[in-house]
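Visitor: Order-wise, the sequence lines are chains A and B.
Just so you know, we're using the working numbering here: the first sequence kicks off at 118 and counts up by one.
Just so you know, we're using the working numbering here: the second sequence kicks off at 937 and counts up by one.
To be clear, the hints were calculated from the coordinates, so they are not data collected in a lab.
Note that the Cβ used here is the ideal one computed from N, Cα and C, for glycine as well.
Some hints could be false.
Chain A regions said to be covered by chain B (calculated; three or more residues, Cβ under 8 Å) [as the list claims (entries may be wrong)]:
(1) 300-314
(2) 415-427
(3) 481-494
(4) 633-643
Here is how the chains run, residue by residue.
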Amino acid sequence: MTISHLGMDAGCPAPAATLPATAAGPAGAADAAAGSVPVPAVRTAIPTAPGDLHGEVAALLAKGYRLALVAAHHDAPATAGGRGQIRLVYLFVSGLPDTRVELHVELDPDDPAVPSLADLSFPASRFEREMHDLYAVRPVGHPLARRLLRHRHWPHRWYPMRADAGPPPPFGPAEPFPFVTVEGPGVYEIPVGPVHAGLIEPGHFRFWVVGETILKMKARLWYLHRGAEKLFEGQPPAAKLPLAERISGDTAVGHALAYCLAVEEALGVEVGLTARRARALLLELERLHNHVSDIGLLCNDVGHGVLHAHAGRLRERLLRLNARITGHRLLRGGVQLGGARLASLPTADELASIAADAADIVTLALRNGMVRDRLTGTAVLTRQAALDLGTLGYVARASGLPYDARVAHPFLNLPGLPRVPTHPDGDVLGRFLIRADEIDASIEMLRVLLPTLAPGEYLAPLPPEPAGTADRACGVGIVEGWRGTITHRVELTSDGALSRVKIVDPSFFNWPALPVALANTIVPDFPLANKSFNQSYAGNDL
Amino acid sequence: MSGGTEVYAAQAADGFSASGAAGAVLQVAAVVAGAPLVIGWMRQVRARLEGRAGAGWLQPWRDLRKLFAKQDVIPRGTTRVFTTAPLVLAATSLLIAAIVPVVTTASPLDEMGDLFAVVGLLLVGTVALTLAGLDTGTAFGGMGASREVTIAALVEPTILVAGLALSVPAGSSNLGAIVESAVADPGAVATPAAALAFIALIVVVLAETGRLPVDNPSTHLELTMVHEAMVLEYTGARLALVEWASAIRLTVLLALLANLFVPWGIADAGSGVAGLLVGLVAVAAKVCVLATLLAAGEVFLAKLRLFRVPELLAGSFLIGLLAVTASYFLPSPS
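One chain only, chain B, in its complex shape (with noise of 0.2 Å):
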């Protein structure tokens, strides 16, 4: 069990390689060009099961196109708050992507890509968008501002204790350590502790990015939405960057999720240019796979009541703490 210690002293040793560098740059541009895919995609997925043609999978990308090109409109009495908080999330969104171990373990940030930095980085860029609904002064601006955070209070925690559960074998919460040490010892993946976290990980994910059964991100209905709610207000290209923020805290969690626990082909310091290639086409590969079921499990769900989504994410809660229980008491057989 010292493997992961010893890969984080190392990389702690040797912060920066060549070839972290240009698997950082890879996977902020791979996240950023395929999130509104992975968005698409879904849809897609969704739309052919329930029998419908779908717009196709690119529509996300059409439909960011259309609001770029569009006339911002910014209501009259908001303040800074409301027009800098896209940017917060989108900065704090590629912040994440670049940290994360999408494409390599080896990212140069990777020093910052401690389990807290991306949990708070997830919560300032939800903080954001709080506050600018909040600061349109509107009543669904509010409303949609308190679900959202009466749901991150439930959620940010629930990352926190599951990825506990994850780091407790590798003996590090560095993101990067975690993956590698997983990628070394297989065993790791296959113990109760980590079926607990991954079960928690998958319900925080849902909600945190507003899927089904927590938010209905197709919804029209004004007085049900949650995270739409909040930018009710947003037009053209703030909202564009809000909606392609949204996609890239999706894409970037699934390809963490991914990585946690199934880690294989993912490019570390000593990888290649072939290696790097690999990183991708094999996070790109999972991330489609588990969004493809992620969108085929959405068409059995209805949205919950939303006194129903305390109870679901208390659930979850508690069984990230069951897995950082499990994990101590449960260690893997290797």
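Bound-form chain A, shown alone (with noise of 0.2 Å):
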């Protein structure tokens, strides 16, 4: 059975990765209970020219795909004094069925310019602003077309992520990057950052206030630019699974999962039932860590300082746990390209335990009508202003909508899991109960799927180039991190090394949510506010 294509070849053909027998995996339909894998996914190129992409992403939305990932390229001149190409790849996704539709775009190298979607799609909007501050692709029709990762001090003129970028001149000296000004009897603005009091990421937050109300917030952040994609090219995908590991922390597993599920793709590698069974457990126990954390922190931000010593306890047991489950307290190490390694496993019972010990924090929050009152409305993000935003993860959920990558694009198919709970409201304690629900949903996972796992080492053996003769091999990973969802798309030369790899961490979409929440919210509330969306600086900023 080989993957069909619907679209015409790009120029990056999904591999034709051939099925193991029996599409239930290994296990054989006996332990059919515990998972098997999925079909894969069908990815579709279609190359578009500029004039038509408009169009196109039209009829794609329309259709309920929703824009997970652009990327642009700039493949180096084959000859020198050539001209090098512009590659612009727009992936849309849909599931179930889990459906990827790539649209490819060429633009003129020297004038690269194409057609602004955002009057279709917010996300794109920034996508578009994102290729122009690295790559100079113009967005034509764009209706901000501010800068947005460059900060006031970046070299002028000059994109890093083409391949004549050279090596970065000096700082340059101070462009002007004024705020819009908001005016009126008695706003005042309040600027905090990006060197804040407590030991957290740089951003700098602009508020503008009434009294003590926020009519308007800006943040700007991308103070941690590391050139992280710029880091993966021309390497080999194994000697950069660190790297993908280490994009945003706390998110060890997610990226790392999103990285490998990419190079497979692209490399033709089948991964084993076990090895993505192993890969689920690594998923959920970080999730796991992460929520307790931040209910911990919500109920620190809050002044209940018992909950956060509490949650901080049960967060150390977590950590231990995972050192003893992979060797690396935040779970490094764990997947690994073509499989993973697990060095042992959680028991039933500490499972048990921890759930108890997380139910119970949740409740005495809950219970705790001061906690409860501060929680209760602060924030509010509408369905409305989650979906237009793009919004993704726990963020999403809180306000209504149920999108959730281990359901949309699974890696591994459990019968009536995971349970993806929803709350409507979309305020601070929607945000709480969603981070507790999974904490409860995690654990029933981890509960199906540890009768079946034995520590050891799954690894399929990965071929050290991709097969076929094309210039080019691509592959996408798409994964369900505890944030929420997060996009890899990889190239391979015919040689199997990297030539570019593009991350899209949900903080990207999510990060815009934030001021629209606060609108009407009050100032002292910020950092509760702020908290219970938590976003990834770094996975924001590559």
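The two chains are supplied separately, each in an independent frame; assemble them into the complex guided by the hints.
Guide: Set out below in structure tokens:
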């Protein structure tokens, strides 16, 4: 059985991976309750002329596709003096059935310009600004074509991701990058950050306030640009797995897994069922320790220190469990190219005790009237706003959107699992309750997975280079990390080196939701609202 | 009910006693040395109740020692208001420590030890800090100052009203006289008026000293701060003074609260060395118990939403008002 190709080959075919003889995997039907290998995703590449792009995208969005990723590529010229090539890939996904459609657009390398999709999709408008800052691709007709990730000291007219960028020039003089001014009687401005009183990542927040009520808030992030995507280029995939694990420190499994899925698709590797189960286990363990930590931090932000202390204790317990399972407290080293590695496994009793401990903390928090009062009705993100902004993960689910990549783009079929909780209110309490529910759902999943697993190394052999004779092979990995859906897209050269890795952390989609939710919230509630979103700074700014 | 007036008259006639002077020196020294320990003790109690090891009850002293050794950084553009505010705060706090009946009711400054004077002095310190917050010209300084003044405007009248309810049976608004009257007539403490006044005072003491549920002294989130936001720009010795003065205010208010309602053990004009020592031990024990109870209570609390704080304080003002009313209409059984 081979994967069907609906569209035309655009120079980057999805490789014709061959499935094992039994679709249910080596474990067979007797073990079906503990999962099976899902039908592989159908990925289609459609070459699109810049002029047709807008219409194609409108049609895809109308069919219910979601824009998952936009990646620009600048292929170095084959010969000296050549012009190279600028290519854009727009990845649209939908599930179930797991379907992925790529629109490939080629642009004039001397003056790359593409019609803006800002009127169709808000996330597209942000991807376009990102491409402009990194590749000098001009979005034509963009309503707010301001820079996104170049901070004001960034060297002028230096586009680091282009093949001809060269080494970074010294920081130039600061360019003006004014904030929109908000005026009116009694309006004043509060600038906060990028250096904060606590040990958090850098972000500059500017509030326009009347009394204590926030009229408008602007987040200026992007102080962490490390050129992570560039660091992948030209390297063998296995050498860069540690880098993928470190894209966002708290999402080691999520990013490593998305990277592995993408590379495995490009190389045509079929990962075994047990390895898939091990990966699912690691993914849920990561969700557990992060959600427990967030619940404690939300309690701390309302001044309820005792539950913060106890959530900290439970988190420490989980981190030690992680260290036992993978050798690293943040689960690094568990996900491997071609499979996964487990040094040990939690026992069913341990899981039960962790679940009871977490449930206790949640119940105590919700029974405290003062805590509940602080959470209820604070920083509401309406369902419509969450949908329009393209939010993902617990932020979307707390606003009533049930999207979850474990269901839409599964790498392991578990009957009836995972349970995807949603909450209708979109306030801080909703985001708190979603985390509590997801802790339960993760424990349920771990309980199903545990009996089917044993410690060991489950690795499929990896070919050194992609099969076939095409210039490049590419693959896409979509994973529901603890924050939300992570998407990686990799391209390999014919000799098996990475030529481009594009990474999208859910924070890229979710950050714009924070200012929207903050309208009419009071200033002293901002830290609580921000913590309830808990977006990654490092994952957002690569 | 005439006992209080007589005591007051006697004191007015003989304002100075050697015992009183020694007591005043002793209580200032005790408060200065003990205030950081009270803070440290409260943190330690809280840490243990939360299942943490805690930094130890001596930690505030270690912090002060560290801060006094540090360089003082004065933000550009600030004026004398910024540099002198910690001194004003420390001076008013020490003055309060000297005149409020902590160890003895016979402080030579007792004539000034009027309820109104103490509330006024508290407010002078608060206003000095808010002006310093505004003087920095930063958004946080202004934000903290605005919040602090909102809270102070509700706190100070409540202290006055609740104190007034206590002064009715004593027939005097002199704090020493109120305490002595309570020693002489324990029944006066067990009235509905006194109970209501106690509740009102507890709430405003928490608000005045920036404790939960009004302010969170341990937060690092600059946007939620009240007191801490005003003093964000202070460093080194000035920060140490501000921290120290805040600890003194908390300690003195706790001691005053304890002595108003459980006055036994306090020294008076006739006490000898033994009496003063008893007074010292008694107040230390009372403050320790009260601090433990407060710290234990804080474990169960969260910080209120800022707009609920005025509701809480208005409620405590109302209770204070009821206490005054009750003190007229429900006189003590004696």
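Visitor: Run every hint past the structure and note whether it holds.
Guide: Status of the hints after comparison with the structure:
Check on the segment 300-314 of chain A: 7 of its residues sit with their Cβ under 8 Å from a Cβ of chain B, so the three-residue criterion for coverage holds. Interface restraint, the segment 415-427 of chain A with chain B: holds (9 residues with C-beta to C-beta distance below 8 Å; minimum three). Restraint check on the segment 481-494 of chain A versus chain B: 5 residues with Cβ-Cβ distances below 8 Å, three needed, restraint holds. Look at the segment 633-643 of chain A against chain B: 5 of its residues bring a Cβ nearer than 8 Å to a Cβ of that chain, three or more, so the hint holds.
Violation of the numbered hints given earlier is absent; every hint is satisfied by the structure.
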